[in-house]
Each structure stands twice: as C-alpha cells, then as structure tokens.
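From first to last, the protein sequence lines are chains A and B. Following our numbering, the numbering of the first sequence begins with 1 at its first residue and continues without gaps. Following our numbering, the numbering of the second sequence begins with 1 at its first residue and continues without gaps.
Please keep in mind that the hints were generated in silico from the structure rather than gathered at the bench. Everything numeric in this text was worked out from a predicted model, so none of it was measured. Do not take every clue at face value.
[Claimed, not checked] Under the rule of at most 30 Å between Cα atoms (straight-line distance), these lysine-lysine pairs were calculated in the DSBU-like manner:
1. A:Lys165 <-> B:Lys304
2. A:Lys87 <-> A:Lys121
3. B:Lys78 <-> B:Lys5
4. A:Lys302 <-> B:Lys228
5. B:Lys132 <-> B:Lys111
6. B:Lys78 <-> B:Lys111
7. A:Lys302 <-> B:Lys292
8. A:Lys165 <-> A:Lys121
9. A:Lys330 <-> B:Lys129
10. A:Lys146 <-> B:Lys215
11. B:Lys155 <-> B:Lys129
12. B:Lys292 <-> B:Lys228
13. B:Lys5 <-> B:Lys228
14. A:Lys302 <-> A:Lys330
15. B:Lys304 <-> B:Lys292
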Amino acid sequence: MELDLKPLRIDSIFPAALEVCGLSKAFGKNAALNDIGFAVPEGSLTVLLGSAGAGKTTTLRLIAGLDRLDSGRVVMRGCDMTALEPKDRDIAMIFDNLALYPDKTGFANIASPLSIRGAEKSDIENRVAQISSTLRIAHVLNRLPKTMSGGERQRVALGRALIRKPGLFLLDEPLSSLDAMLRIELRAELKRLQRDLGATFLLATPDFSEALAVADSVIMLRGGRIVQVATAQSLYDDPVDREVARFVGTPEINLLEAVYEPASQGTIRVAGASIAGLTRLQKSLPKGGGPFEIGIRPEQLKLSPLEAAPIQARVFDVEPLGLRSMLTVKNEEAEMRLVIDAGAVQGYAVGDAVGINVIDANLLAFDTVSGIRIA
Amino acid sequence: MSVPKLEIINLRKVFGNGSVVAVDGIDFTIEAGETVALLGPSGCGKSTTLNMIVGLEDPTSGDIRIDGRSVVGVPAGKRNVGLVFQDYAVFTHMTVFENLAFGLVIRGRPKAEITRAVHDVAELLGMQKSLKLPAAELGGSELQRVAIGRTLVTKPAILLLDEPLSNLEASARLAMRRELRRLQSEIGLTIIYVTHDQIEALSLADRIAVMNAGKLQQIERSSVICEKPDHVFVAGFMGSPPMNLLRGEIARDGAFTGFRRESLFIQLPPSEINSGRAGQPIILGVRPESLKLALADESMIFGKVTIVEPRGPEAVVTVEAGAISLKAVVLAAGRPQEGSNVGLIADPSSFVFFSGETGRRLAS
Numbered sequence: 001m002e003l004d005l006k007p008l009r010i011d012s013i014f015p016a017a018l019e020v021c022g023l024s025k026a027f028g029k030n031a032a033l034n035d036i037g038f039a040v041p042e043g044s045l046t047v048l049l050g051s052a053g054a055g056k057t058t059t060l061r062l063i064a065g066l067d068r069l070d071s072g073r074v075v076m077r078g079c080d081m082t083a084l085e086p087k088d089r090d091i092a093m094i095f096d097n098l099a100l101y102p103d104k105t106g107f108a109n110i111a112s113p114l115s116i117r118g119a120e121k122s123d124i125e126n127r128v129a130q131i132s133s134t135l136r137i138a139h140v141l142n143r144l145p146k147t148m149s150g151g152e153r154q155r156v157a158l159g160r161a162l163i164r165k166p167g168l169f170l171l172d173e174p175l176s177s178l179d180a181m182l183r184i185e186l187r188a189e190l191k192r193l194q195r196d197l198g199a200t201f202l203l204a205t206p207d208f209s210e211a212l213a214v215a216d217s218v219i220m221l222r223g224g225r226i227v228q229v230a231t232a233q234s235l236y237d238d239p240v241d242r243e244v245a246r247f248v249g250t251p252e253i254n255l256l257e258a259v260y261e262p263a264s265q266g267t268i269r270v271a272g273a274s275i276a277g278l279t280r281l282q283k284s285l286p287k288g289g290g291p292f293e294i295g296i297r298p299e300q301l302k303l304s305p306l307e308a309a310p311i312q313a314r315v316f317d318v319e320p321l322g323l324r325s326m327l328t329v330k331n332e333e334a335e336m337r338l339v340i341d342a343g344a345v346q347g348y349a350v351g352d353a354v355g356i357n358v359i360d361a362n363l364l365a366f367d368t369v370s371g372i373r374i375a
Numbered sequence: 001m002s003v004p005k006l007e008i009i010n011l012r013k014v015f016g017n018g019s020v021v022a023v024d025g026i027d028f029t030i031e032a033g034e035t036v037a038l039l040g041p042s043g044c045g046k047s048t049t050l051n052m053i054v055g056l057e058d059p060t061s062g063d064i065r066i067d068g069r070s071v072v073g074v075p076a077g078k079r080n081v082g083l084v085f086q087d088y089a090v091f092t093h094m095t096v097f098e099n100l101a102f103g104l105v106i107r108g109r110p111k112a113e114i115t116r117a118v119h120d121v122a123e124l125l126g127m128q129k130s131l132k133l134p135a136a137e138l139g140g141s142e143l144q145r146v147a148i149g150r151t152l153v154t155k156p157a158i159l160l161l162d163e164p165l166s167n168l169e170a171s172a173r174l175a176m177r178r179e180l181r182r183l184q185s186e187i188g189l190t191i192i193y194v195t196h197d198q199i200e201a202l203s204l205a206d207r208i209a210v211m212n213a214g215k216l217q218q219i220e221r222s223s224v225i226c227e228k229p230d231h232v233f234v235a236g237f238m239g240s241p242p243m244n245l246l247r248g249e250i251a252r253d254g255a256f257t258g259f260r261r262e263s264l265f266i267q268l269p270p271s272e273i274n275s276g277r278a279g280q281p282i283i284l285g286v287r288p289e290s291l292k293l294a295l296a297d298e299s300m301i302f303g304k305v306t307i308v309e310p311r312g313p314e315a316v317v318t319v320e321a322g323a324i325s326l327k328a329v330v331l332a333a334g335r336p337q338e339g340s341n342v343g344l345i346a347d348p349s350s351f352v353f354f355s356g357e358t359g360r361r362l363a364s
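Generate the whole structure from the sequences, applying the supplied hints.
What follows is the structure, given as structure tokens:
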C-alpha cells in the first residue's frame, strides 16, 4: 500500500515546511480523516478551518505524531517524519486548553523549553523579554499562573511555545478561551509575530473570521475531508459549495430558491419577484435555465423605495451591530438578511413594509440538490 | 414619574483590606422594561456589580434600590431578582419539566400553580414538546433556554444574565440573540446582561453601560454609543476594530492650526476645540471606517501596509508610519498589498477629540 501514494505537490524548488498526503484515521468504525493531503509553504500561516468534528484536531495530532495514523505520510522539509517519535519531529504544539507549570512563574514557564536545553542565561532573558513584550505579558513574568487571568495564561502558553524555533508550529484554537476583544487584538499580534519570526504556522480554528484575518491560505475541512483550499478572500468570494458559502461570512449568506427563465428576457425569479438585468449571474448560469439556489450576501441586498423595488417584504427583526444593523425581512416566499448603516435603520420598525433590490455583483448560484456551486 | 426599577447609587466594593477597589462609586438607574448591558474587559468590575445586585456580595458602601426600596442586607433569595449563569446549571438528571419547576418546588408552591407556570414558560420558550425529555439529551442552546426558563418561572422583578451566550457555538448564538430579543419584547422584563462581547451587548440591550477599572465610563443607547463615545476608553473599546486614537497636541504651523504628533501634522478647520488650546495635550480619534486610501500627495498620513485582514466584504488594513499605527476598513476589492506604501485621508469633520488629561470627550 506504500506504492499507492499520490505524487507530492511541488510548489517551488524548496521543499514545503510540511506536506501530508493520504492521511487517514479512524477511531473504531468512525472515519475521522479520509485521505487528507496538503502542503504548508515555509514561512506561511495556513489555517485548518471547519466546525467541531471536521477533523482539525485529529489532523494536527497526526502531524505531531501524538496519534498513530492508519495510512499516509507526514513530510517536513523533504524528510519523511511518519515513523518518528513526537519529540524528534521539530514541532511545537499549542493547545486551547493550556497546561502551565502551576509552581513556576510566568518567566520560568516561558523559559522552560530553553532552560531544559541548557541555553545561556543572558540569551534566555533576552528572548523572554522580547516574546513577553510582543505578547504584552511583561507584567506577569514574576507571577504564578493562579494569579493570572485566563487571557494572560493563554499568552504565557503561547510565549512558551514561541520561544523555541521549531520547523513548524501547530496551533489548536489558540485564542478560543480569550475575551472577544482580546481575541481580535491578539490574532493580529499572532500574525505579526509569525511574520517577524519567519515561522511556519498551521492553525486550526472553527472561527471563519479568525481564519480570514490571519491566513495566507485556508484549508476547509468537513467530515474528515478537504472541501476547499483557497486564500481567505477567495473562500468568501468563490466558495465551492453551499456549505462553505454559509460557513464563511456573518451575517450568514441568504440562500433562496430561484428559477432562471432564459426565454422570458432572462429573468430570475426569487423571493416572489421576477428580476431582470442580473446579467453577470445570467451569463454563468446553465443556458437552459431552470431552478437553482441563489446565494446573496447580506450586503448585496439594498433597501429601495417600495414602489420601485422588485422585492417587497416586511421587517421581521432588527439587530443593532454598532455602526451597522442587521435587518431580517420576510415575505410569503422567503426570509432575507440585510446589512445596512445604523443611521438608516432608525426609521424601520418590526412589521413595516420595505422594498428590496438585489445588487448584481458577487451573486452565487448553487445546485438545489447537491449544493455544488454552479455559477 | 414612575419609580425606576433599579437604582444604583454611589456603589463601591473594596476587597482585601481596601487594597483592591473592584467597584469604584458607580451610579445608574434602569427603568422598568428596559434592557441594559454591563460591558467591559475582564476585571472591570461588571461581575462584582452583578453579584451585589443579586445579593451574592455586600457593597462596601452605596445603595441598591429595586422598585424604590433598598435591598442592601436583604438575602439573595428574597430580592426577587433572577440570575442566569453562563454555565447553565441545569440539572441533567432531571427532565426539562422538573428543571423548570425546580424554583417553585423548593418554594413549596401548590402543584397546580407549578404546572401552570411551567407550561406558560415552556410555551414562551417554544419548549412545550420537550418537557418530558431528560435535560441530558438537550443541546447547548436548549440548555440555555431551560436555564432562562427556570428563572422566569419565579417571575423575577429583574432578570440578570451573566455572559448568557458565551458557551454557545457561533451559529446558535445568532439564533439565541434573536430569541432573547423576542422574549424581551413579549414579556417586557427588566433585564441586565453582563458581557465582555460588544456584539452581544449591542444586539440585546437598549442601553450599554461601559465599565473599566471599577468605574462606569459611559451609559448610552446602543444605537449611538459607537458614534458618540464620551470617554477615550469607550472609543478604544467599541467597534471592530475600535477607533484609532492618537495622542498629540494642538499646535500652530504658520497660519494653520492643527493636530501635531511628532512629524505628523493634520490641519484642522477652526473650531471651538482648537481655538485657545494650542500646546495642550489632546487625543484625536478617527474611526477606521472614516479613513480612505489616498494618493501620496493628498494624504494625511503616508505609511507602509503591515497587515491586511480580510473580513469578507471588506478588509482591515494596518498602516504604520514611524511610531504611528492606524487601522482602516476598506472594501475587499480595493485592498492594498501587504508591504506596499499607501496614503490615508479622512474628512476632519469625522474626527473626535478627547482631553489628553481626563480622557473625556471635548464638545465640538
């Protein structure tokens, strides 16, 4: 079965920091991973994105050598690591549930990987100072973990992993236990840190906004399989199927039943309206017409004067989100979400009749049954 | 004039022989039927405030009044306030019905009353069909609903929710927010949310009370707090990303008055703020959404793009020039490359100014 492997993808003349191919893993009868293959370029930040149970953590654990794989290979910088012990793989792994030494100070925790290896004291001090200032934890260096906040402990754990310079960092939801504010702040820091260190990160997260914000490249997992590999922006603009479109973007994309009627001036029937002039979408739809599912991002729907708008509906819910608001509207055919400026939402109350127009840009079309993207 | 539902008067809480001031003299009132969020970073004092309202902690000084009557010294169980924790504290060995009935059973209410109250609440929460299910079989958002229902059954005067959505998955959170908004409008309860998540606060509350370091920095309607921060802390906390804040001074450059920080000089139109403030420390605030990409010769600031964070329809761009770092929100289609040099410009009418000393907003 060793001969059955697919050829490695060659992205450049330099071997990738990590390549995995044919990775499979079952727990009992349940397949957790099914023939996963991807490459992580040197110095990049690659994200494994997927909901709980997609196989993110299993992938990381197989790469680290913490679980035995059923089949496949793990190759780092051209060297096959598959048979090596975890400690010999030159990998640092950061989990979401952090384990710090409870009886050691922040400094000793961060320094421990270097102390164990017998590094120079001055070198250790310099590195700890540098890492702790980047992570903004200089103030906890003399404190024990039990006196730190959750966020501080998380950053100390990050610092401890970052102080080494392994060939690859595996991060399993590294920010998930932090405050919303701190999470947004630290993810920018994490990306900067990765750049500055020139390190290679493979980060797993269920949070698409985190993935979009930090990733050079995103590997979208679902049910133990890779469904799409793309840059963060193209995952949003060009999802391969309905589920990716739904997973990426907030508020969620509007998915509505639609019918393309090429014979009647190319109108598209959606949400109880017949809309002409969506020429960009029409061009890429199957020539014969027929039913499909249209994907409309909330920002592609605009409020318009009632009499001039193709779609009429009533306001069902108004959710303020700061500078913008989300409006949920309904009619007999469909429920739709719109994102509009907070100032513009003031005049609308639940139950009001509103007109809605569809902007002919970035509209997506999916096969009604399979959910595969068709345009 | 009706009596406010809840009045917090100069409330203080000091721990450890006066060494830690958790809540530092806060005042606010909440009207009946109003929904207010206590929002702030961890350690800001919001949970301590909540605990004092519920009766889990005694205030060091100050007063808490519910319906005009002081409840300081009244035991937690007798204040008629309901508290829902983030860890749902639902008894998983009981059915949904038994969970919902629990508060009334321990109060020794008659069986008929309990049954009626449980069914009313179950109807409100859309859980009539789940009443016989063991709680162990419920998912995260259903557990949360049971936890809320269990409190509602006792008909509290005020409902307090501590980080009610933080244990839910992102998609469930969205649905639960809508559910909570519906509940609020249907039963007209007075509700206080404690949260560190501003989206939660914005989406659920009529007004938001932003706390920091034990102090109440601002209490303002959710719809306008992002646009009208009163204090530099609120400006730096609300919004994603929050407002850019630059510390500098009002300075003169020949005939022009403007904002100066090191080599950066931004000319300002004459206004009450800059007249007579030359040389004074000031903080300039500009929202990331107000900054636009511009050509070098017309830009306010010119620097290097260090980070581009795509968000779908738009991207957050960090531009650094010397020691100054600014974030701008631009459309995804027009986003610059990381490492490129770009100019940024903003309409001076979108600037807000804060005192460099007190952090308070300067009236314009």
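Okay, the hints, checked on the actual structure:
1. A:Lys165 <-> B:Lys304: Satisfied, since the Cα-Cα distance of roughly 28 Å is no more than 30 Å.
2. A:Lys87 <-> A:Lys121: 24 Å, holds
3. B:Lys78 <-> B:Lys5: Holds, because 16 Å separates the two Cα atoms, which is no more than 30 Å.
4. A:Lys302 <-> B:Lys228: Holds. A:Lys302 to B:Lys228 sits at ~26 Å (cutoff 30 Å).
5. B:Lys132 <-> B:Lys111: 17 Å, holds
6. B:Lys78 <-> B:Lys111: 21 Å, holds
7. A:Lys302 <-> B:Lys292: Measuring from Cα to Cα gives roughly 23 Å; hence the hint holds.
8. A:Lys165 <-> A:Lys121: Distance ~17 Å between A:Lys165 and A:Lys121 Cα, so the pair holds.
9. A:Lys330 <-> B:Lys129: Satisfied, since the Cα-Cα distance of roughly 26 Å is no more than 30 Å.
10. A:Lys146 <-> B:Lys215: Given that 30 Å is the threshold and the Cα spacing comes to 25 Å, the pair holds.
11. B:Lys155 <-> B:Lys129: Holds - the C-alpha atoms of B:Lys129 and B:Lys155 are around 22 Å apart, at most 30 Å.
12. B:Lys292 <-> B:Lys228: 21 Å, holds
13. B:Lys5 <-> B:Lys228: 26 Å, holds
14. A:Lys302 <-> A:Lys330: 14 Å, holds
15. B:Lys304 <-> B:Lys292: 15 Å, holds
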